[in-house]
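Engineer: Here is how the chains run, residue by residue.
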Amino acid sequence: MADYSIWVLEYSYVKDYHKSGVLYGAHNQGYVKLPYCYVLIKGNGHTAMVDVGYNDKDYGKHLADKFGVENWHSPKEVLAGVGVSPEEVDTVFVTHSHFDHFGNVEAFPNAHFYIQEREISKNVWAMALPDRMRWMMTAVDPGDILRGVGLAQQKRLTMVDGSLEDALPGIDLHAAVDSHTYGSMWVTVRNDGKKQSSDTWVLAGDLVYVFENVEGSGSAVDVDTLYVPVGLAAGSQTNLVLATEEMMKQTGYEARRVIPIHEERLKDTFPCRITEDGLRISEICLADGESSKV
Amino acid sequence: MADFRTDPGFLDRAVTIHRADCEALARTSGPSPAETPPSPDLDEAVAAYVLAARRAYDGMRRQIGHLAGLLILAEAGGREVLAVAALSDAREKWDAIEAVLETARTPPRLDHHRESLRLAHHLIGTALSAFDQIGLRGKGAGPAISAQLNGAYRILQGIAEPRAGMTMVDFSHACCSCAQHANRR
Numbered sequence: 001m002a003d004y005s006i007w008v009l010e011y012s013y014v015k016d017y018h019k020s021g022v023l024y025g026a027h028n029q030g031y032v033k034l035p036y037c038y039v040l041i042k043g044n045g046h047t048a049m050v051d052v053g054y055n056d057k058d059y060g061k062h063l064a065d066k067f068g069v070e071n072w073h074s075p076k077e078v079l080a081g082v083g084v085s086p087e088e089v090d091t092v093f094v095t096h097s098h099f100d101h102f103g104n105v106e107a108f109p110n111a112h113f114y115i116q117e118r119e120i121s122k123n124v125w126a127m128a129l130p131d132r133m134r135w136m137m138t139a140v141d142p143g144d145i146l147r148g149v150g151l152a153q154q155k156r157l158t159m160v161d162g163s164l165e166d167a168l169p170g171i172d173l174h175a176a177v178d179s180h181t182y183g184s185m186w187v188t189v190r191n192d193g194k195k196q197s198s199d200t201w202v203l204a205g206d207l208v209y210v211f212e213n214v215e216g217s218g219s220a221v222d223v224d225t226l227y228v229p230v231g232l233a234a235g236s237q238t239n240l241v242l243a244t245e246e247m248m249k250q251t252g253y254e255a256r257r258v259i260p261i262h263e264e265r266l267k268d269t270f271p272c273r274i275t276e277d278g279l280r281i282s283e284i285c286l287a288d289g290e291s292s293k294v
Numbered sequence: 001m002a003d004f005r006t007d008p009g010f011l012d013r014a015v016t017i018h019r020a021d022c023e024a025l026a027r028t029s030g031p032s033p034a035e036t037p038p039s040p041d042l043d044e045a046v047a048a049y050v051l052a053a054r055r056a057y058d059g060m061r062r063q064i065g066h067l068a069g070l071l072i073l074a075e076a077g078g079r080e081v082l083a084v085a086a087l088s089d090a091r092e093k094w095d096a097i098e099a100v101l102e103t104a105r106t107p108p109r110l111d112h113h114r115e116s117l118r119l120a121h122h123l124i125g126t127a128l129s130a131f132d133q134i135g136l137r138g139k140g141a142g143p144a145i146s147a148q149l150n151g152a153y154r155i156l157q158g159i160a161e162p163r164a165g166m167t168m169v170d171f172s173h174a175c176c177s178c179a180q181h182a183n184r185r
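Chains as they are written, first to last, in the numbering used here: chain A, 1 to 294; chain B, 1 to 185.
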């Protein structure tokens, strides 16, 4: 029995992203394709998103010219691939405030948003620091914070302080403080609805970019696998490893249940298809009665 | 070292933070400087203005985010963690930006650019004054303050110039290995 369907929806990608960005210490190891994705969760009478991507009109050309970001498509086009419109989305969980996760809130006019309070408060702190410390607000668009003001004024924003059980029935939120960002969050779906679930999925945001972050090679230290944190951390790699352990614990240490949305090789693990727009839909699980979209 | 007059890409690369061994620092794009005539559009006066304007632009970009974040916390019930000198810090930074704008020497063809910066600065100042009046916990003035900040944001977005490091999102530091795309071209 499964309450929710989960799809990872690609909305853009970078063909050649340096591997050291996704895997700590992987210098001079070339490039990997980096899909930009968000997650749709549907079931229990709800349509929810994990992150909302970015709006191409604001800086799409710059991203394309300078960083090689390609093939952006709107949520309307992307969600149509699973038969959903942005207007149907009632809940959005924002894992962190980087532009490619929090940059398109206006596309979801009927949604209520959740974000960690620390993600806002520590970015406010960082933005008040001297110029020489500007690295600490990397990839944050002040415009997204401004749009967050609009959400707050419309009473469509809940700021979470740490963990929140049953944000939706069977869906929990967890904080990974001072890790990839100051207040990163992951989303846990207990898909059988039980407190001690045996059907748990973790939607990791950018706490995990690729499979190796969870199952890196441990040959150098004579173990099968070990956690290798992502390359970019405003907080610390230590906190990323600690968060990975918590996520793995929630899934009973079944690594395939920790979903990295920037992982191109989801296609090797889950059913998927490429849409007419050249973007991938990965089907993580289906709720009872839901038809496959791939 | 590259010369910004003959290698416009130098400005682009110079405004990012690089590792000591980054290829971008040594790299020149296109023909060598000796083969390229000095660009009439990128003289020293323009370069000096760009360096000053970028400081002001970046400062205002972050002030907008700072004040918007304070507004969210005020509106959505954040804790008191931010009360410590947040507004006085913001006022000091606003004053510092004003000094930069006052002293920047502007080539005539960039007057409109500086006027836009000054207008954005004025709007942020208005928002700051409103914040001063209502305090961090105040209610009611939020829509007016966010309107000022949105206005300032739109102005800055409208005069964004990625080649000069003036963009609303700082992508340049988003990776630990820089210039990856530039190196491929």
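None of these hints come from the bench; they were simulated from the model.
It is possible that part of the hints are untrue.
Claimed, not checked - Here are some of the chain A residues that sit facing chain B, going by a computed Cβ distance under 7 Å:
id, residue
1, Met1
2, His62
3, Ala64
4, Val82
5, Val84
6, Met127
7, Pro142
8, Ala152
9, Gln153
Said to hold, decoys possible - Computed footprint of chain B on chain A; a stretch qualifies when at least three of its residues, placed anywhere within it, have a C-beta under 8 Å from a C-beta of chain B:
id, stretch
10, 117-124
11, 128-137
Claimed, not checked - Computed beta-carbon distance windows for the label pairs:
id, chain 1, residue 1, chain 2, residue 2, range
12, A, Glu245, B, Gly77, 30 to 36 Å
13, B, Ser116, A, Glu106, 42 to 48 Å
14, A, His27, B, Pro107, 38 to 44 Å
15, B, Ala147, A, Glu88, 29 to 35 Å
16, A, Glu246, B, Pro107, 27 to 33 Å
17, B, His112, A, Glu77, 35 to 41 Å
18, A, Gln29, B, Gly77, 42 to 48 Å
19, B, Glu92, A, Lys155, 48 to 54 Å
20, A, His62, B, Glu92, 28 to 34 Å
21, B, Ala47, A, Arg256, 40 to 46 Å
22, A, Ser236, B, Arg105, 49 to 55 Å
23, B, Arg109, A, Glu246, 52 to 58 Å
24, A, Glu254, B, Glu92, 24 to 30 Å
C-beta atoms are modelled at their ideal positions from N, C-alpha and C, and glycine is treated no differently.
Engineer: State for each hint whether it applies.
Structural biologist: Checked hints:
Proximity of Met1/A to chain B is violated relative to the hint, the smallest CB-CB distance being about 36 Å (cut-off 7 Å). For His62/A, the interface hint holds, since its Cβ comes within 7 Å of a Cβ in chain B; the closest pair sits about 5 Å apart. Interface hint status for Ala64/A: violated, as the beta-carbon distance to the closest one in chain B is roughly 10 Å, over 7 Å. Violation of the interface hint for Val82/A is found here, the shortest Cβ-Cβ separation to chain B being roughly 29 Å, above the 7 Å cut-off.
Because the smallest distance between the Cβ of Val84/A and any Cβ of chain B comes to about 27 Å, over 7 Å, the interface hint for this residue is violated. Here the hint on Met127/A is kept, as its CB sits about 4 Å from the closest CB of chain B, short of 7 Å. Hint status for Pro142/A: holds, given a least beta-carbon distance of 3 Å to chain B, under 7 Å. Annotation: interface hint on Ala152/A holds; nearest CB of chain B at approximately 4 Å, less than 7 Å.
The interface hint given for Gln153/A holds, since its Cβ lies 6 Å from the closest Cβ of chain B, which is under the 7 Å cut-off. With 5 residues carrying a beta carbon less than 8 Å from a beta carbon of chain B, the stretch 117-124 of chain A meets the three-residue requirement, and the given coverage holds. Interface restraint, the stretch 128-137 of chain A with chain B: holds (5 residues with C-beta to C-beta distance below 8 Å; minimum three). Remark: the range hint 30 to 36 Å for Glu245/A to Gly77/B is upheld by a beta-carbon distance near 31 Å.
The supplied range of 42 to 48 Å is broken by Ser116/B and Glu106/A, whose beta-carbon atoms lie about 24 Å from each other. In this structure the supplied range 38 to 44 Å holds for His27/A paired with Pro107/B, their Cβ-Cβ distance being about 42 Å. In this structure the hint that Ala147/B and Glu88/A lie 29 to 35 Å apart at CB holds, the actual value being about 30 Å. For Glu246/A paired with Pro107/B, a C-beta distance near 56 Å fails the hint of 27 to 33 Å.
Separation of His112/B from Glu77/A is about 37 Å and conforms to the stated range, judged on CB atoms against 35 to 41 Å. Look at Gln29/A against Gly77/B: about 45 Å separates their beta carbons, and that is inside 42 to 48 Å. Remark: the range hint 48 to 54 Å for Glu92/B to Lys155/A is contradicted by a beta-carbon distance near 33 Å. Between His62/A and Glu92/B the CB atoms are about 31 Å apart, so this pair conforms to the stated range of 28 to 34 Å.
Range check, Ala47/B to Arg256/A: about 53 Å between beta-carbon atoms, so the 40 to 46 Å window is missed. Restraint check, Ser236/A to Arg105/B: a C-beta distance of roughly 43 Å breaks the suggested window 49 to 55 Å. For Arg109/B and Glu246/A, the hinted distance range of 52 to 58 Å is satisfied, since their beta carbons lie about 56 Å from each other. Between Glu254/A and Glu92/B the Cβ separation comes to about 52 Å, which falls outside the hinted range of 24 to 30 Å.
Of the numbered hints listed earlier, those contradicted by the structure are 1, 3, 4, 5, 13, 16, 19, 21, 22, 24.
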